[in-house]
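A.B. asks: Note that the protein sequences, when read in sequence, are chains Z and U. The first sequence begins at 1 in the numbering used here and counts up by one. The second sequence begins at 1001 in the numbering used here and counts up by one.
A few of these clues could be false.
Unchecked claim - Some chain Z residues well away from chain U (every beta-carbon gap over 10 Å; in silico):
hint: 1; residue: Leu202
hint: 2; residue: Phe278
hint: 3; residue: Tyr292
hint: 4; residue: Leu298
hint: 5; residue: Leu448
Said to hold, decoys possible - Just so you have them, the derived chain Z footprint on chain U, three or more residues with Cβ under 8 Å:
hint: 6; stretch: 1291 to 1300
hint: 7; stretch: 1377 to 1389
hint: 8; stretch: 1400 to 1408
hint: 9; stretch: 1421 to 1435
In short, the hints are calculated from the structure, not lab data. From the three backbone atoms N, C-alpha and C, an ideal C-beta is built for every residue, glycine too.
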Amino acid sequence: MNAAGFPLLSILTFLPLVGALIIMTLRGEEAAVAANARWTALWTSLITFGLSLILWFRFDKSTADFQFVERVDWLPEFGISYAMGVDGISVLFVLLSTALVPLCIMASWESVQKRVREYMVAFLVLLTMMVGMFCAMDLMLFYVFFEAVLIPMFLIIGVWGGARRVYAAYKFFLYTLLGSVLMLLAIIALWFSAGTTSIPELAEFDIPFAMQVWLFLAFFASFAVKVPMWPVHTWLPDAHVEAPTAGSVILAGVLLKMGAYGFLRFSLPLLPEASAYFAPFIYVLSIVAVVYTSLVALAQQDMKKLIAYSSVAHMGIVTLGIFTFNQQGIEGALFTMLAHGVVSGALFLCVGVLYDRVHSREILRYGGVAKIMPAYALVFMLFTMGSVALPGTAGFPGEFLVILGAWAVNPWVALGAATGMVLGAAYMLFLYRRVAFGKVTRDDLRALLDLSPREYATFAPLILLTLWMGLYPQSFLSFFSVTVSQMVNSHQAAMQAASRLAGL
Amino acid sequence: MNWQIALPEIVLAVCACAILVAGVIPKRDTTFPVAMACIGAMLLAGVLVLMQGEGTGFGGQYVADDFSAFMKILALAAAALSLLVALDWNAKEGLNRFEFPVLVLLATLGMMVMISANDLMTLYLGLELLSLPLYVLAAFDRDNPRSAEAGLKYFVLGALASGLLLYGASLVYGFAGTTNFDRLADALSAEGGASAGVVVGIVFIIAALAFKISAVPFHMWTPDVYEGAPVTVTAFFSAAPKVAAIALLVRVLAGPFGDTAGQWQQIIVLASLGSMVLGAFAAIGQSNIKRLMAYSSIGHVGFTLMGLAVGGESGLRGVLVYIAIYVAMNMGAFAVLVAMRRGGRAVEQVDDLAGLGRTDPMMALAMAVFMFSMAGIPPLAGFFAKLYVLLPAVEQGFWLLATVAVLSSVVSAYYYLRIVKVMYFDAALPALDARPAGVSVVLGATGLFTTFFFLFPAPLLAAARQAVAALIG
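Bound conformation, chain Z alone:
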């Protein structure tokens, strides 16, 4: 039935749910329940991650087809099936999700003290929804997972968040829902015109241009909010600032990728002409995002907000890369997504380390941390460099490829993306200087403890990944290069067919 010999993707998707059920049945004293919930969640997510490594080793990189495919009829009357599979685009995101969640659980080990059981349940449910979304090969199934992510995330922000958590949770939920329901209409329309919701079958279906435009706009409403693209990004800084550390990590690491993934999975292959038609529009929005949010980031006083704005800027690079429609651009976009998932997740963890100790995210509250916490300062610097896209760290290959791809389309677009890299260096270094260097101005900072063993264990995999992705990107690029080249070819074929038609 598939390369693993058993329904691997379903197990990956629903194993966390089993863990969540076990945690829900825990009874007893509150402290004991909390400890058991932590360990159960950690083991569940670690086992899930261990199983997902099968994907890393057994994935066939020489084909663009879906692999590990499973298919069960779900609503046979409507032709909707429960179809799971991964291809070059999605496989690494599944791994990213399963890798980040154990780290999040470790990061919340001590910082979350109230309602630990519910917290862990929410995270495991979130993991189920994320993995399911990246594995879904059916539009309806994709939508179900895509939307269901909102429920646990709403609760995570709202229950365990900061002072303005209610506002942030609402804003996150309603913004995303508004975009998604329009996508739902587009999905239904697509379904009726094509007669199927299977993604591979839909890719072979030709949609008239006028309809493509409408469908593109509806998908755009959903994905642009999720990415988030300027000017619908305003929910992100609020959600990031108020979410607990681990919530921010997942938000930046995985949830932001859902929008860009949607563009790659649906907009480009299903609506090639409309994508090309709207590409200049996307370029403009992306460059505005890169430049404007970088400048906004420079002015931030709150560390989390600064990193949140930097996420918007990085995602601007990603959308730019996707809509170049060439091999370098799309590969660069995918790589930037992965790198950003690791690096910005790690940066939020870095902020979390300070926040756990001082309970403040004000940049001015700190200074001279490097003298007090040298190991922490080193780790923080590495991820700062990763975010700046210093060659040798994870950020570089992706952004470089995107700029290359953009240059092939239009040098001015490439210039806009490159400005973002310069500004990125400015705000990240500015942040790092103010936090880590300088005199220790506040006495209470002198008593801070350096990283604990648990924190070392949390950061170690991320450090490894950041360096690995920077030094030998090929081991990641090789996963998706065949899929991307096939995507580029079919896009060009569709465009040629369209222009021939126009020529007639």
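On the provided structure of chain Z, position chain U as indicated by the hints.
C.D. replies: Leaving out everything else, chain U in the frame of chain Z:
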């Protein structure tokens, strides 16, 4: 004369009379055994409905088919669930009079007559048999001025609706020459059959039924009656009578008036749009959870009407699926409302749920499931309900309706989320009183249905499809 067609109704009527007599005779309080007997009678009627054959009886005035079976089972289930929820609450509020279950039983009988009506006269009879017990029930807490006001208000407006219905029926009779649905269908499908008089009559009939399902612009009574009536009565109001009235609306509009769809479709479209938008916006400012649920139910009726406006096989099936899922979600949510008692007193503000996530995690979880489901978030049942009415709307090109529907569901998500927010995010108030067993049973059943519907949607879809096939053949 095929009297067996009405066997479930006859059994129910006999049971109601017998239970009423049996309840009067003993000196002591008989509420509990009477309620159990009523639930038993409903179960019996349900079994009889399932075993029943198809056909028409009483000179074509009465019809039993898959459609009526589907709707009757739904109405019986809703009524039985609301009785189950009501027992403990009524006892604690000093309302444990044995007439309560009997009145619910009689109203249910009225619903079943409505659902099986195949003639404008039967329709009216069923509607009145439903409405009279409802007026009494709304005023059941007779020492409470709010309850009395609710009863009176409902009675006055309900009488107006009955008048409208009779006037419409007489116009239709006058211009078409018959009140029987089958003959009406023949008459109206003939060339020039749908004269202006008939159309005016149809409009009056639709207005009367729209009043019963509280669709905009005939919704004004809903928030006041929902708020004033005892919560157990509101739980009953919000589900079972709506099932019957929707069933009737579907049968009348898809059956005899099916050929005049061009005339009434715009009315239903407007009522649907109005209900969805009003249900979404008016609930935002409510602090009383019963009023909030009243507006929420108006919104749901708007969605149901969307399926009716689109019509056709898939549209009507969407209506049936929607109403079935609505009954489950709604009964579950009202079970929580009934359980809202603190220190021996019923509380009904949204803020009274504060911190329920800590004090009663299971009930809070169930309520959160109902709220997310009503907001239409997958994979909960409410999403599929909305999906099955959106599908035909998009297929038939009702873009305005579909777009307004999804946007209003986003707006309504705001107030559903507010309940989740109050339960999980806010500081905890003292715990609510322990929830009674009846509430727990209903919560468990409806909660599991709402959560796991996505795994087994086929039986409900197949039943709805069969029901619609019986209707439009």
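A.B. asks: Find the hints from earlier in the document that the structure breaks and name them by number, from lowest to highest.
C.D. replies: The structure breaks only hint 6.
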